[in-house]
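There are 2 protein chains.
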Amino acid sequence: MPKLDLALVPVKTGSIYPEPYAAMVKGRSSLRLGEAGGLTQFGVNLVTLEPGAMSSLRHWHRHEDEFVMITEGECVMVQDAGETLMRAGDCAAFPAGSTDGHHFLNRTDRPARFLVVGTKAPAEVATYSDVDLMVHIGGGAARFTYKDGSDWDGPR
Amino acid sequence: MPKLDLALVPVKTGSIYPEPYAAMVKGRSSLRLGEAGGLTQFGVNLVTLEPGAMSSLRHWHRHEDEFVMITEGECVMVQDAGETLMRAGDCAAFPAGSTDGHHFLNRTDRPARFLVVGTKAPAEVATYSDVDLMVHIGGGAARFTYKDGSDWDGPR
Numbered sequence: 001m002p003k004l005d006l007a008l009v010p011v012k013t014g015s016i017y018p019e020p021y022a023a024m025v026k027g028r029s030s031l032r033l034g035e036a037g038g039l040t041q042f043g044v045n046l047v048t049l050e051p052g053a054m055s056s057l058r059h060w061h062r063h064e065d066e067f068v069m070i071t072e073g074e075c076v077m078v079q080d081a082g083e084t085l086m087r088a089g090d091c092a093a094f095p096a097g098s099t100d101g102h103h104f105l106n107r108t109d110r111p112a113r114f115l116v117v118g119t120k121a122p123a124e125v126a127t128y129s130d131v132d133l134m135v136h137i138g139g140g141a142a143r144f145t146y147k148d149g150s151d152w153d154g155p156r
Numbered sequence: 001m002p003k004l005d006l007a008l009v010p011v012k013t014g015s016i017y018p019e020p021y022a023a024m025v026k027g028r029s030s031l032r033l034g035e036a037g038g039l040t041q042f043g044v045n046l047v048t049l050e051p052g053a054m055s056s057l058r059h060w061h062r063h064e065d066e067f068v069m070i071t072e073g074e075c076v077m078v079q080d081a082g083e084t085l086m087r088a089g090d091c092a093a094f095p096a097g098s099t100d101g102h103h104f105l106n107r108t109d110r111p112a113r114f115l116v117v118g119t120k121a122p123a124e125v126a127t128y129s130d131v132d133l134m135v136h137i138g139g140g141a142a143r144f145t146y147k148d149g150s151d152w153d154g155p156r
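For the record, the sequence lines run as chains V and P.
Number 33 in UniProt numbering belongs to position 33 of the first sequence; there are no gaps in the numbering.
Number 5 in UniProt numbering belongs to position 5 of the second sequence; there are no gaps in the numbering.
Please note: incorrect hints may appear among the correct ones.
[What the hints assert, rightly or not] Rough simulated footprint, nothing fancy, chain P against chain V, three-plus residues with beta-carbon under 8 Å:
#, stretch
1, 2 to 11
2, 33 to 46
3, 123 to 131
4, 146 to 154
[As the list claims (entries may be wrong)] Capping the alpha-carbon separation at 30 Å, the derived lysine-lysine pairs in DSBU-like fashion look like this:
#, chain 1, residue 1, chain 2, residue 2
5, P, 3, P, 120
6, P, 3, V, 26
7, V, 120, P, 12
8, P, 12, P, 147
9, V, 3, P, 3
10, P, 12, V, 26
11, V, 12, P, 3
12, V, 12, P, 26
13, V, 120, P, 3
[What the hints assert, rightly or not] Facing chain P, according to a computed beta carbon distance under 10 Å, are these residues of chain V, among others:
#, residue
14, 71
15, 85
16, 86
17, 102
18, 109
Hints are computed from structural coordinates only; laboratory data are not their basis.
Here the structure is a predicted model, which means the values were calculated and not measured.
Cβ atoms here follow ideal geometry from the backbone N, Cα and C, with glycine treated the same way.
I would like the entire structure built from these sequences, with the hints used as guidance.
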């Protein structure tokens with residue numbers, strides 16, 4: 001039956017970011033609901049941000065559309081132009097190739113949750129707005145570089 | 001800013017189904033949130049079912065993954081094996097090509113809402129489980145046929 005038993009979906013913590021960036025998303029966890037339900041064309045994750053946590057480094061996707069709906073609590077969405085308060089039921093869309101990076105911060109004292117959907121493109125490049133970092137994803141591997149394309153070897 | 005103002009998103013009613021099937025989804029309306037946000041790779045619709053309404057004919061997709069999260073109220077999900085009660089926060093996934101058709105019914109006395117995500121494949125075929133009907137979508141057009149592939153010309 002395709003109704004998902006969320007209690008059986010593994011809770012994913014941690015990050016593929018190199019340090020010191022991985023430590024910056026401490027307090028974030030997610031349930032990979034789409035994968036749990038056998039979907040392959042797009043990912044659907046239910047993300048929990050503990051008080052003080054951030055969803056990711058601020059970023060944008062070159063090839064993948066992304067959509068977010070806040071499902072519980074509230075978050076601050078940060079973009080180039082500043083901050084937007086997002087409450088349960090609020091939605092945001094991030095078209096592939098739009099260079100206005102985003103992330104979500106939980107500045108409240110209770111957990112916040114959001115559903116995030118993203119295309120699973122054969123290859124993807126994400127660019128991090130506020131640090132000299134990009135990630136190139138393809139063939140099951142992730143390679144981090146500086147924005148000049150050279151291999152990442154520590155913050156600069 | 002990509003936070004969507006849901007009050008500005010047009011409310012879509014009606015159906016592309018031929019009669020008598022279009023009348024069966026009376027009481028269903030939706031906000032095309034993904035399109036409102038400029039997304040092209042998958043659709044994201046926030047669907048409202050008034051009391052007594054159904055989401056669609058029971059169907060399955062040949063090429064497109066589909067994902068649903070109930071966001072308000074409760075619905076009955078119907079599949080080959082029977083009915084499953086779905087409450088706010090419950091999720092279901094329908095992988096492309098899985099032939100177990102589904103739809104959602106609101107048997108309560110208040111509106112129910114769900115978020116539904118579906119890939120936008122270049123071409124798609126949906127098959128309706130309980131009636132002799134299929135739809136072939138591509139090139140901006142939808143063609144309804146019987147399950148033997150011949151042009152639809154009334155219920156049989």
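Going through the hints against the structure:
no.	hint	result
1	2 to 11	holds (count 4)
2	33 to 46	holds (count 11)
3	123 to 131	violated (count 0)
4	146 to 154	violated (count 0)
5	3/P / 120/P	holds (22 Å)
6	3/P / 26/V	holds (25 Å)
7	120/V / 12/P	holds (28 Å)
8	12/P / 147/P	holds (28 Å)
9	3/V / 3/P	holds (29 Å)
10	12/P / 26/V	violated (41 Å)
11	12/V / 3/P	holds (26 Å)
12	12/V / 26/P	violated (41 Å)
13	120/V / 3/P	holds (22 Å)
14	71	holds (7 Å)
15	85	holds (9 Å)
16	86	holds (6 Å)
17	102	holds (7 Å)
18	109	violated (22 Å)
This entry does not satisfy hints 3, 4, 10, 12, 18, going by the numbered hints stated previously.
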